[in-house]
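I would like the entire structure built from these sequences, with the hints used as guidance.
Protein chains: 2
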Amino acid sequence: MRRSRAFIPTTKEAPSDATLASHIYLSRAGFISQVASGLYSYMPMAKKVITKIENVINQEMANAGCEEVELSFVTPITLWEESGRSEKFGKELLRFHDRKDNMFVLGPTHEEMMVDLVRNRVTSYKQLPINLYQMKIKFRDEARPRFGIMRGREFLMKDGYSFHSSVEDLDREFDAMERAYKKILARLGLDFRVVEADSGAIGGSGSKELMVIAGSGEDTLAVCDSCEYGANIEIFLGASDEAQKDIIFTSVKDIKGDEICPNCDGKLSLTKGIEVGHIFKLGTTYSAPLKAHYLDENGKAQPFIMGTYGMGVSRIMAAIIEQNHDESGCIWTKESAPYSVNIIISNIKDEAQVKLAEELYENLKSLNVEVMLDDTKERFGFKMKDAELIGFPYSVIIGKELENGVVQIFDRKTKEITPINAQDIKTKILELL
Amino acid sequence: MRRSRAFIPTTKEAPSDATLASHIYLSRAGFISQVASGLYSYMPMAKKVITKIENVINQEMANAGCEEVELSFVTPITLWEESGRSEKFGKELLRFHDRKDNMFVLGPTHEEMMVDLVRNRVTSYKQLPINLYQMKIKFRDEARPRFGIMRGREFLMKDGYSFHSSVEDLDREFDAMERAYKKILARLGLDFRVVEADSGAIGGSGSKELMVIAGSGEDTLAVCDSCEYGANIEIFLGASDEAQKDIIFTSVKDIKGDEICPNCDGKLSLTKGIEVGHIFKLGTTYSAPLKAHYLDENGKAQPFIMGTYGMGVSRIMAAIIEQNHDESGCIWTKESAPYSVNIIISNIKDEAQVKLAEELYENLKSLNVEVMLDDTKERFGFKMKDAELIGFPYSVIIGKELENGVVQIFDRKTKEITPINAQDIKTKILELL
Chain B
-4 MRRSRAFIPT TKEAPSDATL ASHIYLSRAG FISQVASGLY SYMPMAKKVI TKIENVINQE
56 MANAGCEEVE LSFVTPITLW EESGRSEKFG KELLRFHDRK DNMFVLGPTH EEMMVDLVRN
116 RVTSYKQLPI NLYQMKIKFR DEARPRFGIM RGREFLMKDG YSFHSSVEDL DREFDAMERA
176 YKKILARLGL DFRVVEADSG AIGGSGSKEL MVIAGSGEDT LAVCDSCEYG ANIEIFLGAS
236 DEAQKDIIFT SVKDIKGDEI CPNCDGKLSL TKGIEVGHIF KLGTTYSAPL KAHYLDENGK
296 AQPFIMGTYG MGVSRIMAAI IEQNHDESGC IWTKESAPYS VNIIISNIKD EAQVKLAEEL
356 YENLKSLNVE VMLDDTKERF GFKMKDAELI GFPYSVIIGK ELENGVVQIF DRKTKEITPI
416 NAQDIKTKIL ELL
Chain C
-4 MRRSRAFIPT TKEAPSDATL ASHIYLSRAG FISQVASGLY SYMPMAKKVI TKIENVINQE
56 MANAGCEEVE LSFVTPITLW EESGRSEKFG KELLRFHDRK DNMFVLGPTH EEMMVDLVRN
116 RVTSYKQLPI NLYQMKIKFR DEARPRFGIM RGREFLMKDG YSFHSSVEDL DREFDAMERA
176 YKKILARLGL DFRVVEADSG AIGGSGSKEL MVIAGSGEDT LAVCDSCEYG ANIEIFLGAS
236 DEAQKDIIFT SVKDIKGDEI CPNCDGKLSL TKGIEVGHIF KLGTTYSAPL KAHYLDENGK
296 AQPFIMGTYG MGVSRIMAAI IEQNHDESGC IWTKESAPYS VNIIISNIKD EAQVKLAEEL
356 YENLKSLNVE VMLDDTKERF GFKMKDAELI GFPYSVIIGK ELENGVVQIF DRKTKEITPI
416 NAQDIKTKIL ELL
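Residue numbers (our numbering), protein chains in the order written: chain B, -4 to 428; chain C, -4 to 428.
Hints in this document: simulated from the structure, not taken from any laboratory. No false leads were slipped in.
Copies of the same chain look alike in the list, so a pair counts if it fits in one copy or across any two.
Only pairs whose alpha carbons sit at most 30 angstroms apart, straight line, appear in this in silico DSSO-like list of lysine-lysine:
| id | residue 1 | residue 2 |
| --- | --- | --- |
| 1 | K360 | K372 |
| 2 | K121 | K380 |
| 3 | K121 | K350 |
| 4 | K95 | K131 |
Shown next, in the form of structure tokens:
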């Protein structure tokens, strides 16, 4: 893509309510645009990052034998009445009437819809297990939408649901999903922990959260420095109901951070995590009230034993920036970067610079490298600042030194600039990617 | 994918209100599931087809220099008041209040949102043209949702919007989009016509529709047998307002179909088309009321000159089946098929059959061929009927003849069965794809 044709409206101003780095830099770098409270549009650069995250998820889901579906976003309230969640979800569940006065909701999660899809279609234990997922917008009418896309009202989520004929088979799938989720986050270059968690409004017994480690996270975690142990602080302190949580939130302040890991004898640290994934063992929480049954080996009707697996796609984009930014802007990881390389023509009036840049650009494109060519008339300093704000992993600077046959590679993460013989630049870039 | 693990709930029963082939077969073959009137969920096979259609669109949009975005689906009513369309759209525009009593709508199209995204961000003629598109669900609260996913309420659409500083540049882009749209439909294997059209509720001057030729279409077209000329019947007969249309709808009955093409001297035929794409020259219809301006070469503020380009992604899936089906079910085209090849093990108890089938399955998978392995315990006749209903372009039948070293290839379109030496099967399949 040519920068002169690309829609990347970078700006110096951050939204007045922005406190998180991801909110500030995704706005300033021209990735996201606020439409209303908690509602955001994704501009081309954000859409590219989202697509990359989706591709990684789709690949790992396919490897794990899951199938993708797409459920309707507008869903009848009747299904929520069947499960009893219409009341439980409260005002976060946005309700409205259509022109014929039937009530619908905007799907905040899709357990009911998925059970409805499978009931009467999967009728025998022989057809189990199945694991279906979708990548689709959700809507939760949050009381206080905040932190940009981190806690918006409309957001993009991968939600998966598995159906089983035994608890053992659910346990097996739950472990497989944990492995797949870990692989996804690792591929995206994130530092994260899997922690024991509370089941919240989804229900069921047994759940784990995938937490990206970041000082700006909304959750407090107790994580071991020696082993993989981690727990949401409420779980670690043994909270099981609202009343207990109040006590705990008070006592968290007293925690010194010298607690001992219950798993090994390592030291526990407290840290604020960002929840990007949540996996649950639902059991028959939804299948029983919705009367979703299969016939077992003895021909007896049984409710499906279920699991549910969520991953916040748009939130992962924000989490990547929470973990990877500096005072100059975004620093995208290899697998998440909208473009891997940015070629900067220092002086657009210098024919030799333009010629080399155009050649390299076409060359890299033909090798399927995702490359941006900054062919604008801006001055060099502006182009560099712009590249740092957007966060391309590497920039090739084609400037004055070209007279001596030298160009430079700028590493966004380290901010190091390395001179390279102009003739070796293509090889060097391919090595780095 | 193994058929034994896949969620493809085929059935003998069609929905009671289904009259169109696409509605009947996409339901029976386990592709779509009705949630409520005009609301459908896509099961795994439909999702795969949708993804293929999206990939073709994305590739051609990238080739045409367009950038993908994703606008929020829930949009503030205030934007619709600015453009004056809040009233014009009537009850099809679904309105609701959020928990803070602000009014929003579910986006039925996104002209206002896109203008809002670009205004104040693109400020100079130097930044033009740009062409942004998205692939996202839309919601139109139709009075009579019908024909399955052909005229649903929630549907998937590619909507694109271009911004220009001159009418000539809009004309150029409009032609480029027409070429791109034609390429997309041709790649998907569809027989279609581009026809002159009415601008409807979108507004603006000058528009063309991309019509898939099918007896079941909702629109009547006048198309030339000798040249590329085609027009929606209202346009052909010169209707320009509602009053005239009434006269025309009466007079259509009197048309004998022996009219002469206004372009060449060829014979015109009447045929019922399915609208799958619509491109418009909007001019300043939205940019003027929304005060979306750029500075021209003389530093004077001017409203953007715009074009808009829509394509019905889910409707294309239905149109493919309207044009490609027989009494046994769906017949997918090469670029749209959820799986290219289906391997049928006639007798799952025959070890030699299973061995060859498994080898071929793994072999084709490793070559990135999208292949289904029917490893179920059903009898052969059932498996064949199932394959025909689903509509895989080719099935490899591994049956009794394997004793003589022979397998068979079933061509879904012609229903021809060709015997092949078992050892040549892989080569033959790769030739066909």
